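Protein chains: 2
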Amino acid sequence: MTLNRQPISVFDAVSKVVENVSHIDVETVKLEDSYNRYLAEDLTATHNVPLFTRSAMDGFAIRSQDSAKGAEFKVVEEVPAGSMSDYELKEYEAFRIMTGAELPKSADTVVMFEQANVTEDTFTLRKTFEPYDNVAIEGEECEKGEVILHKGSQINPGTVATLATFGYAEVKVYRVPVVGVLSTGSELLEVSDELERGKIRNSNTPMIMAQLERIGVHAKRYNLEEDNLETLLEKIEKMFNEVDAVITTGGVSVGDYDLLPKVYDKLGAEVLFNKVAMRPGSVTTVARAQGKFLFGLSGNPSACYSGFELFARPAILLMQGSTRAFAPFINAKLGEDFKKANPFTRFIRAEIDFIDGTVISKPAGFNKSNAVTSIAKSNGVIVLPGGTRGFEAGDEVQVMMTDVTSGVSHFQVKQ
Amino acid sequence: MTLNRQPISVFDAVSKVVENVSHIDVETVKLEDSYNRYLAEDLTATHNVPLFTRSAMDGFAIRSQDSAKGAEFKVVEEVPAGSMSDYELKEYEAFRIMTGAELPKSADTVVMFEQANVTEDTFTLRKTFEPYDNVAIEGEECEKGEVILHKGSQINPGTVATLATFGYAEVKVYRVPVVGVLSTGSELLEVSDELERGKIRNSNTPMIMAQLERIGVHAKRYNLEEDNLETLLEKIEKMFNEVDAVITTGGVSVGDYDLLPKVYDKLGAEVLFNKVAMRPGSVTTVARAQGKFLFGLSGNPSACYSGFELFARPAILLMQGSTRAFAPFINAKLGEDFKKANPFTRFIRAEIDFIDGTVISKPAGFNKSNAVTSIAKSNGVIVLPGGTRGFEAGDEVQVMMTDVTSGVSHFQVKQ
Numbered sequence: 001m002t003l004n005r006q007p008i009s010v011f012d013a014v015s016k017v018v019e020n021v022s023h024i025d026v027e028t029v030k031l032e033d034s035y036n037r038y039l040a041e042d043l044t045a046t047h048n049v050p051l052f053t054r055s056a057m058d059g060f061a062i063r064s065q066d067s068a069k070g071a072e073f074k075v076v077e078e079v080p081a082g083s084m085s086d087y088e089l090k091e092y093e094a095f096r097i098m099t100g101a102e103l104p105k106s107a108d109t110v111v112m113f114e115q116a117n118v119t120e121d122t123f124t125l126r127k128t129f130e131p132y133d134n135v136a137i138e139g140e141e142c143e144k145g146e147v148i149l150h151k152g153s154q155i156n157p158g159t160v161a162t163l164a165t166f167g168y169a170e171v172k173v174y175r176v177p178v179v180g181v182l183s184t185g186s187e188l189l190e191v192s193d194e195l196e197r198g199k200i201r202n203s204n205t206p207m208i209m210a211q212l213e214r215i216g217v218h219a220k221r222y223n224l225e226e227d228n229l230e231t232l233l234e235k236i237e238k239m240f241n242e243v244d245a246v247i248t249t250g251g252v253s254v255g256d257y258d259l260l261p262k263v264y265d266k267l268g269a270e271v272l273f274n275k276v277a278m279r280p281g282s283v284t285t286v287a288r289a290q291g292k293f294l295f296g297l298s299g300n301p302s303a304c305y306s307g308f309e310l311f312a313r314p315a316i317l318l319m320q321g322s323t324r325a326f327a328p329f330i331n332a333k334l335g336e337d338f339k340k341a342n343p344f345t346r347f348i349r350a351e352i353d354f355i356d357g358t359v360i361s362k363p364a365g366f367n368k369s370n371a372v373t374s375i376a377k378s379n380g381v382i383v384l385p386g387g388t389r390g391f392e393a394g395d396e397v398q399v400m401m402t403d404v405t406s407g408v409s410h411f412q413v414k415q
Numbered sequence: 001m002t003l004n005r006q007p008i009s010v011f012d013a014v015s016k017v018v019e020n021v022s023h024i025d026v027e028t029v030k031l032e033d034s035y036n037r038y039l040a041e042d043l044t045a046t047h048n049v050p051l052f053t054r055s056a057m058d059g060f061a062i063r064s065q066d067s068a069k070g071a072e073f074k075v076v077e078e079v080p081a082g083s084m085s086d087y088e089l090k091e092y093e094a095f096r097i098m099t100g101a102e103l104p105k106s107a108d109t110v111v112m113f114e115q116a117n118v119t120e121d122t123f124t125l126r127k128t129f130e131p132y133d134n135v136a137i138e139g140e141e142c143e144k145g146e147v148i149l150h151k152g153s154q155i156n157p158g159t160v161a162t163l164a165t166f167g168y169a170e171v172k173v174y175r176v177p178v179v180g181v182l183s184t185g186s187e188l189l190e191v192s193d194e195l196e197r198g199k200i201r202n203s204n205t206p207m208i209m210a211q212l213e214r215i216g217v218h219a220k221r222y223n224l225e226e227d228n229l230e231t232l233l234e235k236i237e238k239m240f241n242e243v244d245a246v247i248t249t250g251g252v253s254v255g256d257y258d259l260l261p262k263v264y265d266k267l268g269a270e271v272l273f274n275k276v277a278m279r280p281g282s283v284t285t286v287a288r289a290q291g292k293f294l295f296g297l298s299g300n301p302s303a304c305y306s307g308f309e310l311f312a313r314p315a316i317l318l319m320q321g322s323t324r325a326f327a328p329f330i331n332a333k334l335g336e337d338f339k340k341a342n343p344f345t346r347f348i349r350a351e352i353d354f355i356d357g358t359v360i361s362k363p364a365g366f367n368k369s370n371a372v373t374s375i376a377k378s379n380g381v382i383v384l385p386g387g388t389r390g391f392e393a394g395d396e397v398q399v400m401m402t403d404v405t406s407g408v409s410h411f412q413v414k415q
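Sequence order for the protein chains is A and B.
Residues 1 to 415 in the UniProt record's numbering are what the first sequence spells out, letter by letter.
Residues 1 to 415 in the UniProt record's numbering are what the second sequence spells out, letter by letter.
Treat the hints as calculated values from the structure; they're not laboratory data.
As the structure is a prediction and not an experimental result, all values here were calculated from the model.
Any given hint might turn out to be false.
No copy labels: a pair is met if it fits in one copy or bridges any two.
Straight-line alpha carbon distances no greater than 30 Å define the calculated DSSO-like cross-link-like pairs of lysine-lysine that follow [stated by the list, open to error]: (1) LYS220 x LYS262; (2) LYS127 x LYS275; (3) LYS127 x LYS340; (4) LYS333 x LYS362; (5) LYS340 x LYS69; (6) LYS238 x LYS266; (7) LYS220 x LYS30; (8) LYS151 x LYS362; (9) LYS238 x LYS220; (10) LYS220 x LYS172; (11) LYS16 x LYS266.
Could you build the full structure based on these sequences and the hints that come with them?
If you want it as structure tokens, here you go:
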């Protein structure tokens, strides 16, 4: 409850969050429910891939030593994918073979249909073939026991395919955290309420619930009946019993009616920081109590949005063991002047576009911290370092790609 | 069923898909169910934002014409957020006001607490203030009736916040398509099956289901009891009655046992293309029947993966009216040699990383079209144009960012 909070840098603030993360418990889920979860153990190959030396094309399996321009072969058998034969090819014999089918004994190469002059049960070659042409050799992709993906990897569609290949009908993953969301502020109306003078509808709660949904996390919504210390404390204590992390919006600044600092006191919470050298959202607070995070985001929608992306998102992904918990940063050309210098790092909602392979980023409409509409138009956030100078259109700046599911391994903001 | 199919370029193939898209029907959903859906009508502001001129800071509301160095003000009332007063400020009077609260009549500026020398019920200023300092003016963000977002916009967390702000408890969106997935091939086992000689587990069906889940689309899985024309035709006819689009894997090449071309014939389907100048996946087929798409993807996992991302994904998003249906392409440095020239465009599963704002892309492990494990390690696809030359490490190449939720408005592959 002091007016003179000491701001820490954005990098230090994120580092403090990261240092305080503890992993959530592990559970076993069915393969079909595993997409977008995080592996809680290394994924190991249960057999060689390919399991057997097989044809990579539709064609004729032959012994490469028989191949030569004009050499004539006799087709002795045919093997669709999924079938196999114990027959051992002899000189100038061939199998008609389909993609994926096991190569017959002594065969080591496949001639594609279009590479042969075919006549009834025979064909002739137009050139010599090397061993293993058009063939996938047993174990060439990976060997039994090899670690394919490490613990903490996000299960993407390719991971699902790999798990299926190796017969993992179930997989150990980190549990999905349940995150409680509560917006404070007596000026807040529900979405279906008629507007009243002096009031606004609560947009932060549904926004954060969508931000949580975007990273596959379960949100639990809480409502506050009255905006006083006792009710708020009671509500947050209830949330702590029901969820794995708490996000509040509003009530964190230095105004006379901002109650959360008092709630942190009562809870005996360890406040990691309560002022960050950033605009908007300098009053963002992150605390820990009972081994759980309490994210006190600003009530201003834009500050709330970037506060979530900067602190809550990586923390919630790290709880699930993610090794790529941060939004990627990319260099882009600034599309508009920001001439006024600011000592704090500025986060500006931005529209990122990819034109001819180059990243262009311009502010997404009206840029004040209370702007809601510009969040809807943005798919990233321009980051302007704090300091004594302003920025001009054309300057190279960093852009945080918030609307990206796949992240990177480190928080990459410039210090 | 001809061996001599005419390949078309990747760009032309995608264009053919785009030309044949028709919009799916529209439905109304609750705000809390709207994330990741596509707006079926423009989103219009139902009131000015801000609705009233309000304080952007905690401080004292004054009339700017009274402000001067040393000027003394008397605090006559206090206004928390959500409250308001009809009192009209007189000369050298001030309101103690909280962020978000409506400015009293005749007040036009807010002095932050830390900008004033406060003593009991009075304070003095250290400088002059301009009108609208620390104030959000009615309608400055947007005006009633303004179109905020156009039809076809993806509903992101910011859109949810905007809908809430304007009191849209429900919103019209395009229905989520149901997509049927069927893998063909008698060599395929289920994930829980023991491996048999000559067979592999079906990894394409679960992979595609995860690719569909990634774009928020419902997948319906079908199994094939027997791999013959009659059963396959019956199954696909059944799928057509139950889903909005059909994806099959395997059965599309020129092998003797590939039945899908015959099925397309029997269905009277219009085949948009059945050969694309790309590796892997040149046999990828897209057809239309009964107003629905039929995506015939290759049975090779990597070809299946990129075939989905190139053709099925944008089609399914366009059906929902999306204005940003394509994966972004970005320029990146190639991390490895690809010296062998290929007349076809090559798609290589890649690991994209963002290091100091620069995009680095390297092939994700073993690169053959039957490689499953490298899909799991990839978050993008390197695109090497077809032609007469190979590529060297360090060459600038395009990378398709497949693992990104927010897309761009046009398919950006170089022609």
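Just pull the numbers of the violated hints for me, sorted ascending. none
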